[in-house]
Structure formats: C-alpha cells, structure tokens
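A.B. asks: Input sequences plus hints: build the corresponding full structure.
Residue numbers (the working numbering), protein chains in the order written: chain Z, 1 to 152; chain W, 153 to 447.
Among the hints, erroneous ones may be present.
Quick list of the computed label-pair ranges, beta carbon to beta carbon [stated by the list, open to error]:
no.	chain 1	residue 1	chain 2	residue 2	range
1	W	A294	Z	A4	19 to 25 Å
2	Z	G5	W	T320	33 to 39 Å
3	Z	R8	W	D329	40 to 46 Å
Listing some non-contacts, in silico: residues in chain W with all C-beta distances to chain Z over 10 Å [as the list claims (entries may be wrong)]:
no.	residue
4	G242
5	D276
6	E283
7	L313
8	S333
9	Y337
Just so you know, these hints were derived from the structure itself, not from any lab.
All C-beta atoms, glycine included, are put in the ideal place defined by N, C-alpha and C.
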Amino acid sequence: MSSAGPTRTSDSLADVVEMLLDKGIVINADIVVSVGQTELLGIELRAAIASFETAAEYGLQFPEGTDMRRVAAASGRDALPEEEEGPLAPVIDAAGGSEADSEEVSEADAEETNETGDDEADAEETTEAEDSDETSEATEATVEPEGDDADG
Amino acid sequence: MSAPAADPGTTVDDGRYLYCVVGVDDGESDADWSESNAVDGAEAYLVTADGIGAVVHRCERTPNPNDLSAVKRSLLRHQHVVDAAGDAFGTPLPLRFGTVVEGGDAAVREWLAETAATQRRHLDAFAGKWEYRIEVGWDEEALAEAVESSDDRLAELAETLGDSSEGTSFLVQKQYDKRLSDLVYAEREERVATLAERLDPLVEEMEELGRPAVSLEDDDGSDSGPSFRVAVLAPEENEIPIGDVLDEVEANPETTGVQYTGPWPPYTFAPSLGEGGSDDAGSGSGGRESEAGGR
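C.D. replies: Set out below in structure tokens:
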C-alpha cells in the first residue's frame, strides 16, 4: 500500500468472486427463477481463477506446497481419476460360503428354490429384497467371511 | 438450498437479471438512467416503484456457469454495473450474482412495491457507508524471533539446552518448541485484538472472513503465516483513517502484507430479504416467507 486509501487493482477479481458468489441479497420470491447455482459455481470458479494459468494474470499467488493436482482437478482442467464405486450388483457364489451367510445370500438374491418349504425365510426374503441397500450390505458381509475362511 | 434454481442456460419467460436495489428520488422515472456494457453485453436500466429502483437487464436465459471465462467476465461486468448504480444513487443493496426473475418489468415493479418499506429501511441504514475488505498477514518466523528475544522462560530453556546431554536436550527442545509456538499464537492473537480495537471506532460492523477460498484447506498455514481477514462496514469518510491505521501496521517488520480494498457495496452485510421483515412482503403473491435463504 503506497497511500492510505483502499485500492481496487485490476478490479480485485478475487474479492469480486467471493462477494458476488457468496454474499449479496438472495430474494425469496415466486418470481425468482435462478440464483445462479452459486455454491458449486463458486467452488469451480475460484479453483479455476486460482489455477496456475490465471494466477499471475490476476496477481494471485499460490502458497508453496499447494497440491496443484487437486487444484487442477477442482477446476475441471485435468480431473483426477475418480475412485470407482464397488459394484452394487452382487456377485454371489451361491454354492459356497459359510452357513449363516448363505442364508442371507439366498434371502437377498431371491433364491427361494434353495429354501423351499421354509415359510419364515420366504417372508424375510420379501422384506429384504425391497431394500437394495441391505442387499448390498448382505453381499459384502458374505464376501469377507469367505476370505477369512480361506485364510483360516 | 432453498433458493430456487433453474438449470443453467435455460430459457426464461420475459426474464430480468437483477443487479441491485437503489434509492431513487420521487420524481425520478425509469428512463433517467442506464448503463451499457452490462452482463452479456446487455444494457442495464432502472425499474422503479415507491421510491426505490431495481437495476436490471432483459435476459432470455439463465446464466450458464459452464463457461468459466465467460462467468469471470460476467462477474466483472456485474460489478461494473453495480458500481455505476452506486455512483449515481448512493450505496446500493447488492443482489447475489445470477439472480433472474420472470415476468418482466411488471413483476420487478410488483416485488419492489411489496418490499419497499424494508428495502428503504436498509438503504437508509447503509447510506454513505461502504464495505471494505482488509487482510493483514504476519510472518511466523519474524513473530517467533520477536517473542524469542523477549521471553525469559525461553532464554532459560535455551540455556539449559546448551548444557544438557543428548537425551535431556531432546526433551528440553520439545519444551522450548511448545513454549515458542504458544507464544507466537498468543502474539498473533494480541496483534489481531489490537488491530480490531483500533479499527473499532472507525467502523460500524466487522465480520471475520476466514481463509480465502482460493487456498485449499490442506495447505493451511504451511507457508502463508497467520493472518487477519475481515470485511468492515464503514462510513466513506473513514476510508483514509482506516488506511492510516493499516499503514502503521504495515510498517511493522513482522507484517508480511496488508490488503485494503473497496469501497464495495455492502455484500457481506446485505440483509436477507423475505426473512424477519414483519413490515413488508407479507401480503404479496404468496409463499415467499417460508423459504428463508440458505445463508
């Protein structure tokens, strides 16, 4: 600062971004159709602005040690490979498995033929099958103990 | 969260992009002011009702955030228009970037009329005041040196350290480091408190801003040192006195940098319209009060 007054060099883009996207009045009225998706936009935009290409242009500097891969990923320039989610659809070895698990598997996977005559199991199976989360949980629970068995 | 949001770049029916609300003289008509070179190259103009006016431009689509360079340009143009409105009408109430309403000037006018009492009250409260942003950084090592030279306990530990065997010195060193980092932290706190105290009589409100969002969280403090980052709402005439205080801080050898920007419209201190306003907006086109803004 050379003088006592405030400055607005090159329109102080960093300030502008922060204020316009994070602050300012939000109208809550029926007539409003868009408030710009500002939260996501703000993250993307700030990351892009802060990226190496534009940092110098706007007088911004990164602290040393900044993980530029993350910056690049956040700005959508060169995204890091995303971790793939484990498949939700269970791959089940219906024949193998330990005792308790095989019952869960059959419930989840609607293998009623294995359980013929067991009314109770049929009833449970219907409820479980409705909840896909439980199904996948049951599957995971199945896979791990099997591995343990193999080790032991 | 609760703010309505259309898909980016969708077509809107007789849309109006809103910049800010300003106070206008009773005699002033819509045609008295305009600003070219607004967002998307449009021309911004004024829609007035009941002594207040909204700065708008006609738009057919909602903003599309996918093109970041275009958004950057839009942000600067948006600010350019709000600045021009502020020059012409005094401190404006700035709206969040990307606010688009449907229904043309008539809808804007109706909204203004419904909320006029509240908006007028806020405009009056902000009159002659602007937002300023202040950032002060300190050099951690310089702060450490400053406290090292003045603390007796540290001197004592340093002496013990010299006389100690290898095993003892490891523990003494730990004690020393702990004491030093506590002192540096306290020193920073004290400097912040002193600065805030000096600014207090000059500003009406102060809000801490936290770390700038451009730095990613995991590089916290590694190299940048401790800092003080606030937005203040202050009368225009205090601009220079605030700057004088900051100049003194900057002259301090432990200070790495001072940034002082403004005057800005009161973005940080902007009220939330539709929340808690008992004297307005109650009887309008309905359904607005329940959706208080996310922040």
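A.B. asks: Decide, hint by hint, whether the structure agrees.
C.D. replies: Hints, verified against the model:
1. A294/W - A4/Z: 19 to 25 Å: 24 Å, holds
2. G5/Z - T320/W: 33 to 39 Å: 56 Å, violated
3. R8/Z - D329/W: 40 to 46 Å: 42 Å, holds
4. G242: G242/W is indeed farther than 10 Å from all Cβ atoms of chain Z, at 16 Å.
5. D276: 16 Å, holds
6. E283: Check fails; 8 Å does not lie beyond 10 Å.
7. L313: 29 Å, holds
8. S333: Check passes; 19 Å lies beyond 10 Å.
9. Y337: Label holds. Min Cβ-Cβ 19 Å, cutoff 10 Å.
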